[in-house]
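Undergrad: These protein sequences, in sequence, are chains A and B. If you count by this note's numbering, then the first sequence holds residues 1 to 186, one letter each, in order. If you count by this note's numbering, then the second sequence holds residues 1 to 186, one letter each, in order.
Check each hint, because a few of them may be wrong.
Repeated chains share a single entry, so a pair holds when one copy, or any two copies, can fit it.
[Claimed, not checked] Capping the alpha-carbon separation at 25 Å, the derived lysine-lysine pairs in DSS-like fashion look like this:
hint, residue 1, residue 2
1, K11, K31
2, K186, K49
3, K134, K11
4, K186, K125
5, K186, K134
6, K109, K186
7, K125, K109
8, K109, K31
9, K134, K31
10, K31, K125
No lab work stands behind these hints, which were simulated from the structure alone. Values in this document were obtained by computation on a predicted structure and should not be read as measured data.
2 protein chains.
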Amino acid sequence: MNRREPVELSKSYLLLNHGPVTLVSSAHGDKRNVMAAAWAMPLDFDPPKVAVVIDSRTLTRGLIEASGEFVLNVPARAIADKVLAVGSQSGRDVDKFAAYGVGTMPASKVGAPLIDGCVAWLECKVIPEAHNEKRYDLFIAEVVAAWSAPDVFNNGRWSFHDEGQKTIHYVAGGTFFATGEEFEAK
Amino acid sequence: MNRREPVELSKSYLLLNHGPVTLVSSAHGDKRNVMAAAWAMPLDFDPPKVAVVIDSRTLTRGLIEASGEFVLNVPARAIADKVLAVGSQSGRDVDKFAAYGVGTMPASKVGAPLIDGCVAWLECKVIPEAHNEKRYDLFIAEVVAAWSAPDVFNNGRWSFHDEGQKTIHYVAGGTFFATGEEFEAK
Numbered sequence: 001m002n003r004r005e006p007v008e009l010s011k012s013y014l015l016l017n018h019g020p021v022t023l024v025s026s027a028h029g030d031k032r033n034v035m036a037a038a039w040a041m042p043l044d045f046d047p048p049k050v051a052v053v054i055d056s057r058t059l060t061r062g063l064i065e066a067s068g069e070f071v072l073n074v075p076a077r078a079i080a081d082k083v084l085a086v087g088s089q090s091g092r093d094v095d096k097f098a099a100y101g102v103g104t105m106p107a108s109k110v111g112a113p114l115i116d117g118c119v120a121w122l123e124c125k126v127i128p129e130a131h132n133e134k135r136y137d138l139f140i141a142e143v144v145a146a147w148s149a150p151d152v153f154n155n156g157r158w159s160f161h162d163e164g165q166k167t168i169h170y171v172a173g174g175t176f177f178a179t180g181e182e183f184e185a186k
Numbered sequence: 001m002n003r004r005e006p007v008e009l010s011k012s013y014l015l016l017n018h019g020p021v022t023l024v025s026s027a028h029g030d031k032r033n034v035m036a037a038a039w040a041m042p043l044d045f046d047p048p049k050v051a052v053v054i055d056s057r058t059l060t061r062g063l064i065e066a067s068g069e070f071v072l073n074v075p076a077r078a079i080a081d082k083v084l085a086v087g088s089q090s091g092r093d094v095d096k097f098a099a100y101g102v103g104t105m106p107a108s109k110v111g112a113p114l115i116d117g118c119v120a121w122l123e124c125k126v127i128p129e130a131h132n133e134k135r136y137d138l139f140i141a142e143v144v145a146a147w148s149a150p151d152v153f154n155n156g157r158w159s160f161h162d163e164g165q166k167t168i169h170y171v172a173g174g175t176f177f178a179t180g181e182e183f184e185a186k
């Protein structure tokens, strides 16, 4: 599931538009981490921006503040157990990559890694907004590169060929919804 | 589908957590409007806050700036055609309530109406953040009351009993995903 092709920046909002849960990966110096974030959304089309909530108590928060970079990874249902695991533990207590067998690939424009088993990846550089970060734990970033698994997202369209490829939406307490039937409104 | 029961404020984030598309309703003086917004997310648990992107060119933007209030309505698939219609036209050009047969109910704490055919409603008061609004079209608000259709969301859990009750996720160009299968990760 790790073949990937570039996604045009102007279409990268489509990777988040339907509200899937994300994995936030980050790195600084010799430290790196990955956590889950349901509270992420597109903020602009072109140049593309995103907004994401990163709790001040997380290791991820420190790595993003130090590096000014992160990746929003869109996981497939096949790795839902890992999404829950990395969302339930702190990177201060455990190396989540080793503990949960989370593989990575290098990103192209940021130091944070791309996470294996995802179907889309948005490489992001923080637009510093100290007030939002401090008061709301809210980070705004520009998307500087984007990728998708080409059999799952191509030419601006999602095509899920099996259950394991589907994106997922977090509810609470370990419960998710898979992305469901596609339909056209009139 | 318009029976509704209050949702505890501390659980109201669950109405948006899985990333459904929303309808933003607004009112000021004798004007009111409704538009679609896919870029909305929870921002905090308790007191609950939300973030939503409202384009500066919309009638809704003016009504929200004047009143400091709006409602985030979570539409069911049964009204997907109306969601697309109110997302495709400006309230400056047409009374969308009359043109598309969009019914309303009064809210409890804000002047903006609750939209018929939805399964959840979050009444919101804007927390003024001029810089975010001007630079990013981003509005932050506190949820001051929340409601759900009790057969669809009750005690913090979603239960969709038929296709028409499902929440929906916007892709682009009139295409949506229905909320899909619920599952537990381990």
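Undergrad: Indicate, hint by hint, whether the structure satisfies it.
TA: Hints, verified against the model:
1. For the identical chains of this complex, K11 and K31 are neighbours neither inside a copy (31 Å) nor across copies (35 Å), given an alpha-carbon limit of 25 Å.
2. In this assembly of identical chains, the alpha carbons of K186 and K49 never lie at most 25 Å apart, being 29 Å within a copy and 33 Å across copies at closest.
3. When the C-alpha separation of K134 and K11 is checked against a cutoff of 25 Å, the pair qualifies only between copies, where the shortest distance is 24 Å, while the shortest distance within a copy is 30 Å.
4. In this assembly of identical chains, K186 and K125 lie within 25 Å of each other by CA distance neither inside one copy nor across copies; the values are 38 Å within and 32 Å between.
5. Proximity of K186 and K134 under a CA criterion of 25 Å is satisfied in neither setting, with 43 Å inside one chain copy and 33 Å between copies.
6. Taking the shortest alpha-carbon separations for K109 and K186, neither the intra-copy value of 40 Å nor the inter-copy value of 33 Å comes in at or below 25 Å.
7. Within a single copy, K125 and K109 get their C-alpha atoms as close as 9 Å, which meets the 25 Å cut-off; across copies the closest is 39 Å, which misses it.
8. For the homomeric pair K109 and K31, the shortest alpha-carbon distance inside one copy (18 Å) is at most 25 Å, but the shortest distance between copies (47 Å) is not.
9. For the homomeric pair K134 and K31, the shortest alpha-carbon distance inside one copy (23 Å) is at most 25 Å, but the shortest distance between copies (36 Å) is not.
10. In this homomeric assembly, K31 and K125 come within 25 Å of each other (Cα to Cα) only inside a single copy, at 18 Å, whereas the closest approach across copies is 40 Å.
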